[in-house]
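All residue numbers for the sequence shown refer to my numbering, where the first residue is 145 and numbers rise by one.
Since the hints were derived computationally from the structure, they do not count as laboratory data.
Some hints could be false.
[To be verified] Across the chosen pairs, the derived CB separations fall in these ranges:
1. E253 x K224: 26 to 34 Å
2. E217 x S252: 22 to 30 Å
3. D231 x R149: 19 to 27 Å
4. S252 x R149: 26 to 34 Å
5. E253 x R233: 31 to 39 Å
Beta carbons: idealized from backbone N, C-alpha and C, even for Gly.
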Amino acid sequence: MTVSRLYEKIYALVRAIPSGRVGTYGQIARLCGCSARQVGYAMASTPSDEIPWQRVINSRGEISARADGNADEEQYRRLKQEGVMFDARGRIDLAVFQWTGPDGAWWSEHESEPPL
Numbered sequence: 145m146t147v148s149r150l151y152e153k154i155y156a157l158v159r160a161i162p163s164g165r166v167g168t169y170g171q172i173a174r175l176c177g178c179s180a181r182q183v184g185y186a187m188a189s190t191p192s193d194e195i196p197w198q199r200v201i202n203s204r205g206e207i208s209a210r211a212d213g214n215a216d217e218e219q220y221r222r223l224k225q226e227g228v229m230f231d232a233r234g235r236i237d238l239a240v241f242q243w244t245g246p247d248g249a250w251w252s253e254h255e256s257e258p259p260l
């Protein structure tokens, strides 16, 4: 799979995460068949208004540091606006806010198969 095709798949999955929910880099990676690092690269290279990048966090329920240093605050602000809650340590309770993944209709629409 080419990088552009992989990024398209990553972006399609991230667009499927509903407002008020989050997915992890690893979760998106498993669904796409790539590494969590590749998901991070894809999120770092997208214009913020096209993809809801703020909904992708690390496996500890934390916002990962960004290269420009400003996205942490922006991601926090956007998630709070969507109703995502943070604990005193700045973590999101994944048992409450983690997206469960796309349904069968999503996979059919995107002509893809869910991972086994």
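Structure-based check of each hint:
1. Separation of E253 from K224 is about 31 Å and conforms to the stated range, judged on CB atoms against 26 to 34 Å.
2. Distance hint for E217 and S252: a CB-CB separation of about 38 Å, inconsistent with the stated range 22 to 30 Å.
3. A beta carbon spacing of about 38 Å between D231 and R149 contradicts the range 19 to 27 Å that was offered as a hint.
4. As the Cβ distance of S252 to R149 is approximately 18 Å, the hint placing it in 26 to 34 Å is violated.
5. Hint check: E253 to R233, Cβ distance near 38 Å, so the stated range 31 to 39 Å holds.
Going through the hint list in order, the structure does not satisfy hints 2, 3 and 4.
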